[in-house]
Amino acid sequence: MTASLRLRPPRHRADPRAVAWWTVQALLAAVPVAGAAISAYWRFTDRPAWLGALLVVFVLLCAGFVLVVPRVYYRTGRWEVTEDAVYTRTGLLTRTWRIAPMSRVQTVDTVRGPVQRLFGLADVTVTTASAAGPLKIEGLDEELAAELAERLTAITQSTPGDAT
Amino acid sequence: MIPDIEETATEEDAAWRSPHPRVVVAAAVFSLAVAVPAAIALARFLVGRGVALDRGVAAAAAAALLVVGAAAVYETARRRATRYRLTGRRLELHSGIWTKEYRAVPRERVRSVDVTADPVRRVLGLAVVKVATGEKDASGGPAELTLDALAVAEAEALRGILLGGRAERPDDGPLAELRWSWIRYAPLTVWTFVGGGLALGGLYKLLDTLGFEPAKWETAARVWEWITATPWITVPLLLAANALLGFAGAIVLYAESWGRYRLERRPGVLRLRRGLLTTRSLTLEERRLRGVAVTEPLLLRLGGGARVTAVTTGLRKAEENATEEVAALTPPLPAREARRIASAVLREELDPAGLRGHPRAARGRRVRRALVAAAALAAALDVLDAWTAWVPAWAWALPVLAVPAGWALAAEGYRSLGHGLTRRYLVTRSGAARRRTVALDRSGIIGLTISESLFQRRAGLVTVSATTAAGEGRYDVLDVGRDEGLRLARHAVPGLLEPFVEESG
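The listed protein sequences derive, respectively, from chains A and B.
Throughout the first sequence, residue numbering follows my numbering, covering 1 to 164 in sequence.
Throughout the second sequence, residue numbering follows my numbering, covering 1 to 505 in sequence.
Hints may contain errors.
As the list claims (entries may be wrong) - Selected chain B positions facing chain A (in silico; Cβ < 10 angstroms): (1) 239; (2) 240; (3) 445; (4) 452; (5) 485; (6) 495; (7) 497; (8) 504.
As the list claims (entries may be wrong) - A few chain B residues that don't get close to chain A, going by computed Cβ distances all over 10 angstroms: (9) 17; (10) 56; (11) 73; (12) 104; (13) 202; (14) 205; (15) 275; (16) 348; (17) 356; (18) 359; (19) 404; (20) 434.
It is worth saying that the hints were derived from the structure and are not from the lab.
Glycine residues also receive a C-beta, built at the ideal position from the N, C-alpha and C atoms.
Kindly produce the complete structure, drawing on both the sequences and the hints.
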């Protein structure tokens with residue numbers, strides 16, 4: 001038992017369209033912040049050059065956030081569903097792998113936000129009896145998500161016991 | 001399940017029942033807690049306004065009677081509105097004077113039954129029954145049904161029936177019984193040092209609401225003068241008095257909470273009885289038990305003591321300000337005794353010596369964290385000094401002291417780290433200020449989480465968490481070596497991790 005162990009990444013990624021959806025979300029967060037910073041600079045200061053430079057850097061950071069974060073998110077978030085378990089990996093700085101045995105899954109939900117629907121995407125939430133929170137598979141193709149939820153529900157219903 | 005008790009339940013208990021009539025008396029007695037202070041305040045107010053003493057007192061007495069009468073009337077109405085019934089399938093409860101409420105608990109979902117009687121109810125021969133299930137209510141807490149209050153015999157009978165008669169069968173000797181020598185562990189909490197001050201504060205506030213103003217008394221002024229005049233004598237004296245008060249309080253509280261303590265196992269259930277004045281009795285279904293936790297807070301640990309709590313589904317979380325946890329299985333007692341009881345409850349030896357330590361890198365993380373905290377404290381002081389120019393010289397001793405203190409805690413935290421796997425349990429230990437050893441039933445693990453922060457990745461460490469439906473919902477094995485952690489997770493729940501692990505090298 002001296003072999004070094006590692007967790008292999010789950011097989012699937014989110015739908016590529018999810019990058020666009022997350023970009024929209026990032027824009028919704030970044031644009032107001034950057035806009036507020038620019039208008040504050042314009043109206044409430046004497047517009048000194050050093051502050052202007054700082055502002056440019058800040059706006060560039062916001063742009064970088066919008067461009068980079070959705071892609072990183074797409075690359076790091078992975079999921080897989082086998083006959084026996086749901087397996088997800090999330091996070092870049094703190095990586096988290098979560099495994100829930102199929103026999104302990106209580107409910108499976110799909111969530112589609114209004115904007116998300118424009119992209120034809122859905123999230124799948126897999127809940128167990130634990131207080132530690134559900135497993136989330138984000139940014140799946142709508143139909144794939146519905147199919148997955150149906151499959152999961154069928155498997156969990158055929159499992160006896162109250163999953164505690 | 002025993003058939004004949006089932007039968008009795010369906011036939012005899014199918015009628016609707018109400019709380020015992022004496023609950024009205026109990027409510028009247030409880031209302032004195034409001035009525036008496038209110039009467040005193042009113043009397044003082046009236047006499048202060050120039051009303052004759054006898055008339056003032058009479059008015060106050062009338063007001064007190066009014067409060068007590070109102071409480072009795074309210075309680076009568078509440079009693080009338082409350083009805084419960086036990087059928088073969090479920091326990092049903094109608095309640096509410098204004099808002100009618102109906103709740104039903106399926107009998108097979110009942111996971112614990114808690115029978116409590118405070119001194120007033122005890123004298124009146126009453127007990128409050130709380131029936132908990134594993135279900136969650138709208139607010140997310142476990143659903144609970146409270147019957148306030150039944151005659152003691154009725155309460156005990158109900159408990160017996162709800163837990164399938166198992167609680168009433170003879171047992172094979174208790175797992176634990178109180179030994180009064182354990183009371184030496186009572187003062188080993190932080191409350192001993194702050195409790196005296198808190199009690200004094202409470203007393204002051206009570207006097208204040210009653211219309212007395214201690215701050216304006218001449219004696220108070222003189223005492224204050226004396227304290228400030230000779231601080232080198234009075235401050236240690238006050239601290240000693242505070243500790244003495246806290247010490248006495250802790251002893252009294254321990255005796256009250258844990259007097260007549262007895263933990264026993266009957267077939268299928270654990271039963272805990274305790275309390276000198278307020279008697280509490282908790283019956284837990286063993287099937288719902290997912291393990292135990294042995295907790296050693298710093299002071300208690302230094303004194304060689306520990307406490308045992310249950311990790312179980314279907315018990316409500318203790319309220320924030322509760323003095324003890326609802327899941328407590330033992331009072332503070334000698335560590336060896338705690339280990340023995342925990343092992344008996346687990347039906348397997350819980351041996352801390354058998355735990356494996358964690359890599360040195362985990363110690364480095366803790367020491368670095370302590371040093372960063374000390375540095376942050378120093379930086380904050382520096383900023384404060386630059387802004388306000390008022391930071392006394394002695395304040396700089398704090399970050400300096402924080403270095404050795406933090407270092408010691410970090411080293412202690414590292415020594416605490418440990419994990420192990422037995423036939424039935426996953427055992428994990430951690431914590432410097434509050435060390436806790438948890439043995440979690442491996443069959444109760446309903447998911448695994450492995451996480452690795454940036455710093456952990458560089459140190460080759462991971463945190464393995466087992467999620468469960470019981471207790472806190474998640475128990476961590478902190479900062480374990482990556483290979484060892486994955487191996488642990490792999491063996492803790494056989495087969496679950498297998499398809500996702502790769503071996504290399």
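A quick look at each hint next to the structure:
{"no.": "1", "hint": "239", "in the structure": "violated, 41 angstroms"}
{"no.": "2", "hint": "240", "in the structure": "violated, 44 angstroms"}
{"no.": "3", "hint": "445", "in the structure": "holds, 9 angstroms"}
{"no.": "4", "hint": "452", "in the structure": "holds, 5 angstroms"}
{"no.": "5", "hint": "485", "in the structure": "holds, 9 angstroms"}
{"no.": "6", "hint": "495", "in the structure": "holds, 7 angstroms"}
{"no.": "7", "hint": "497", "in the structure": "holds, 6 angstroms"}
{"no.": "8", "hint": "504", "in the structure": "holds, 6 angstroms"}
{"no.": "9", "hint": "17", "in the structure": "holds, 30 angstroms"}
{"no.": "10", "hint": "56", "in the structure": "holds, 56 angstroms"}
{"no.": "11", "hint": "73", "in the structure": "holds, 42 angstroms"}
{"no.": "12", "hint": "104", "in the structure": "holds, 18 angstroms"}
{"no.": "13", "hint": "202", "in the structure": "holds, 34 angstroms"}
{"no.": "14", "hint": "205", "in the structure": "holds, 36 angstroms"}
{"no.": "15", "hint": "275", "in the structure": "holds, 29 angstroms"}
{"no.": "16", "hint": "348", "in the structure": "holds, 21 angstroms"}
{"no.": "17", "hint": "356", "in the structure": "holds, 13 angstroms"}
{"no.": "18", "hint": "359", "in the structure": "holds, 14 angstroms"}
{"no.": "19", "hint": "404", "in the structure": "holds, 30 angstroms"}
{"no.": "20", "hint": "434", "in the structure": "holds, 20 angstroms"}
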